[in-house]
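502 is the number of the first residue of the sequence shown in the working numbering; add one for each residue after it.
Because the hints were derived from the structure by calculation, they are not lab data.
Every value quoted in this text rests on a predicted model; they were computed, and no experiment measured them.
Heads up, a few of these hints could be off.
[Stated by the list, open to error] Here are the simulated distance ranges between beta carbons:
| id | residue 1 | residue 2 | range |
| --- | --- | --- | --- |
| 1 | Thr585 | Gly527 | 39 to 47 Å |
| 2 | Ala668 | Thr619 | 39 to 47 Å |
| 3 | Gly527 | Thr619 | 16 to 24 Å |
| 4 | Ser523 | Glu654 | 14 to 22 Å |
Glycine residues also receive a C-beta, built at the ideal position from the N, C-alpha and C atoms.
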Amino acid sequence: MAVRPIIRFPSPLLTTSAEQISRFDGALRQLSDDLVDTMRAAPGIGITAPHIGILQRLTVIEVDPQMGPRSFVNPEIVWQSSETARHSEGSVSMPGVTEEVERPARVRVSFQTLDGETREEEAEGLMAVCLQHEIDQLNGIFWIRRLSRLKRERAVKRFDKFNRAEAFPGTQ
């Protein structure tokens, strides 16, 4: 297991669709383990393979540390509620920036396990938000695309300011 470097916004890798996974082997398990370590180190509650520069449809989500991380291979939203909810979102690829995003309140997701078993499950609350956010990322939709143009521009400015402060501590 290893912490991998995270691709930062505005890398084009963050707006590129990831490819379907067809090999369910030790390399996939290792990638999943590395994603868990990288997500926890970031810190975050969700991460995709594209966040570390690997364009494969794998995401790891851990909304409850007591339940542990979950891996979703080739996830797809197959149903979403008409009811919506707003939740604060951000990205490990754009640290220091969060913004409220409105999404369907509930979703049903089809996915495969690390063993290749196909499953379907419904989610609501934070898990529904995370699944939608990470599946967007796998589809090449970076989270700020879900914001209005004005909010998106403000988020980018905040990220630029965060990057300057990180590069030159003590300045703003």
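**OP:** Provide an ascending list of the numbers of those earlier hints which the structure does not satisfy.
**Re:** Result: hint 4 breaks, nothing else.
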